[in-house]
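Spelled out, the chains give:
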Amino acid sequence: NAGVTQTPKFQVLKTGQSMTLQCAQDMNHNSMYWYRQDPGMGLRLIYYSASEGTTDKGEVPNGYNVSRLNKREFSLRLESAAPSQTSVYFCASTNDRENTEAFFGQGTRLTVV
Amino acid sequence: AQKVTQAQTEISVVEKEDVTLDCVYETRDTTYYLFWYKQPPSGELVFLIRRNSFDEQNEISGRYSWNFQKSTSSFNFTITASQVVDSAVYFCVLSSGSARQLTFGSGTQLTVLP
Numbered sequence: 017n018a019g020v021t022q023t024p025k026f027q028v029l030k031t032g033q034s035m036t037l038q039c040a041q042d043m044n045h046n047s048m049y050w051y052r053q054d055p056g057m058g059l060r061l062i063y064y065s066a067s068e069g070t071t072d073k074g075e076v077p078n079g080y081n082v083s084r085l086n087k088r089e090f091s092l093r094l095e096s097a098a099p100s101q102t103s104v105y106f107c108a109s110t111n112d113r114e115n116t117e118a119f120f121g122q123g124t125r126l127t128v129v
Numbered sequence: 009a010q011k012v013t014q015a016q017t018e019i020s021v022v023e024k025e026d027v028t029l030d031c032v033y034e035t036r037d038t039t040y041y042l043f044w045y046k047q048p049p050s051g052e053l054v055f056l057i058r059r060n061s062f063d064e065q066n067e068i069s070g071r072y073s074w075n076f077q078k079s080t081s082s083f084n085f086t087i088t089a090s091q092v093v094d095s096a097v098y099f100c101v102l103s104s105g106s107a108r109q110l111t112f113g114s115g116t117q118l119t120v121l122p
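From first to last, the protein sequence lines stand for chains A and B.
The numbering of the first sequence is the numbering used here, which starts it at 17 and goes up by one.
The numbering of the second sequence is the numbering used here, which starts it at 9 and goes up by one.
Just so you know, the hints here were simulated from the structure itself, not pulled from any lab data.
Just so it is clear, CB atoms sit at the ideal spot from N, CA and C, and this is done for glycine as well.
Be aware that a few hints might be false.
What the hints assert, rightly or not - Here are the simulated lysine-lysine pairs, BS3-like style, with alpha carbons at most 25 Å apart:
1. B:Lys78 <-> B:Lys11
2. A:Lys87 <-> A:Lys25
3. B:Lys11 <-> B:Lys46
4. A:Lys73 <-> B:Lys11
5. B:Lys46 <-> A:Lys25
6. A:Lys73 <-> A:Lys87
Said to hold, decoys possible - Here are a few chain B residues that sit away from chain A, every Cβ distance over 10 Å (derived from the structure):
7. Ile19
8. Asp30
9. Thr35
10. Glu52
11. Asn66
12. Asn84
13. Val92
14. Ser95
15. Ala96
16. Ser103
17. Leu121
Claimed, not checked - Computed from the model, here is a short list of chain A residues facing chain B with C-beta under 7 Å:
18. Gly58
19. Thr110
20. Asn111
21. Glu117
22. Ala118
23. Phe120
All chains, please: the whole structure from these sequences, using the hints.
If you want it as structure tokens, here you go:
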């Protein structure tokens, strides 16, 4: 039972490059989320998806796009990376029909130089 | 809008002391969920406890206990007889809304000294 799997774990990008962070969950959860964590600021919501085919902006969506490919997968894309996007990114999923906690991936440490 | 405030940025205690982490939340939803997560130095987020808005019974689970008071919008978390391995950042998290968006507090860095 893998839970939530994120790839890659580490990435260094040059300013202006693009990349996609992948996330997959095997718990049949409806809702999936992307967060970023910056020092001293807790986690902030970038985008979320309440169900397959739907996505909504969170608190800090600028510079990102997402795609809910199917119920299992939710990807985050940086079209033109900026140093301000240096952060640790977490994917999470929940089953919003039950009172369960959110399950998090291991995180992706992204550095934009 | 949802908001979670963890006023304690850093706490240091000596091993075996009890420590309470404070959390105050804001939400207009009548149904919501509150969680505590732990983030050790390795970086992963570890679920600790959960409470829903319609159950104010306080509980104890091992060395962990929590005090949920809707009247003051507080959800405090206590570790009894702290251990060095408890050293981590602790996040209070509010879940509400149709998509159960998670709102994190800024975290409390707990250091347990031997």
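Cross-check of the supplied hints:
For a cut-off of 25 Å, the pair hint linking B:Lys78 to B:Lys11 stands: about 15 Å separates their Cα positions. A threshold of 25 Å between alpha carbons decides the hint, and for A:Lys87 with A:Lys25 the separation of about 22 Å falls inside it, so the pair holds. Taking the CA atoms of B:Lys11 and B:Lys46, the gap is about 19 Å. The hint holds against a cut of 25 Å. Restraint check for A:Lys73 and B:Lys11: satisfied, since their Cα atoms lie roughly 17 Å apart, inside the 25 Å limit.
Distance restraint check for B:Lys46 and A:Lys25: the Cα-Cα separation of roughly 20 Å lies within the 25 Å cut-off, and the hinted pair is therefore satisfied. Pair hint A:Lys73 plus A:Lys87 holds up; C-alpha atoms about 18 Å apart against a cutoff of 25 Å. At roughly 15 Å from the closest C-beta of chain A, the C-beta of B:Ile19 stays outside 10 Å, upholding its exclusion from the interface. The claim that B:Asp30 lies off the interface holds: its Cβ sits roughly 15 Å from the closest Cβ of chain A, which is beyond the 10 Å cut-off.
No beta-carbon of chain A is positioned within 10 Å of the beta-carbon of B:Thr35; the least distance is around 15 Å. Consistency note on B:Glu52: stated as away from chain A, yet its beta-carbon is not over 10 Å from all of that chain's, at 6 Å minimum. With a minimum CB-CB distance of about 17 Å to chain A, B:Asn66 clears the 10 Å threshold, and the non-interface call stands. Its beta-carbon lying about 17 Å from the closest one in chain A, B:Asn84 satisfies the requirement of being farther than 10 Å from that chain.
The Cβ of B:Val92 lies farther than 10 Å from every Cβ of chain A, with a closest approach of about 23 Å, so its non-interface assignment holds. For B:Ser95, the non-interface assignment is confirmed: its Cβ lies about 17 Å from the closest Cβ of chain A, beyond the 10 Å cut-off. At roughly 14 Å from the closest C-beta of chain A, the C-beta of B:Ala96 stays outside 10 Å, upholding its exclusion from the interface. With a least beta-carbon separation of about 7 Å from chain A, B:Ser103 fails to lie farther than 10 Å from that chain, contradicting its non-interface assignment.
Consistency note on B:Leu121: stated as away from chain A, and its beta-carbon is indeed over 10 Å from all of that chain's, at 22 Å minimum. A cut of 7 Å between beta carbons decides the hint on A:Gly58: the least distance to chain B is about 4 Å, and the hint holds. Checking A:Thr110 against chain B: minimum C-beta separation of about 6 Å stays under 7 Å; hint holds. Because the closest C-beta pair between A:Asn111 and chain B is about 9 Å apart, greater than 7 Å, the hint is violated.
Checking A:Glu117 against chain B: minimum C-beta separation of about 4 Å stays under 7 Å; hint holds. At about 6 Å, the closest approach between the beta carbon of A:Ala118 and any beta carbon in chain B falls short of 7 Å, and the interface hint on this residue holds. Look at A:Phe120: its Cβ gets to within about 4 Å of chain B, closer than 7 Å, so that hint holds up.
Of the numbered hints stated above, those contradicted by the structure are hints 10, 16, 20, listed in ascending order.
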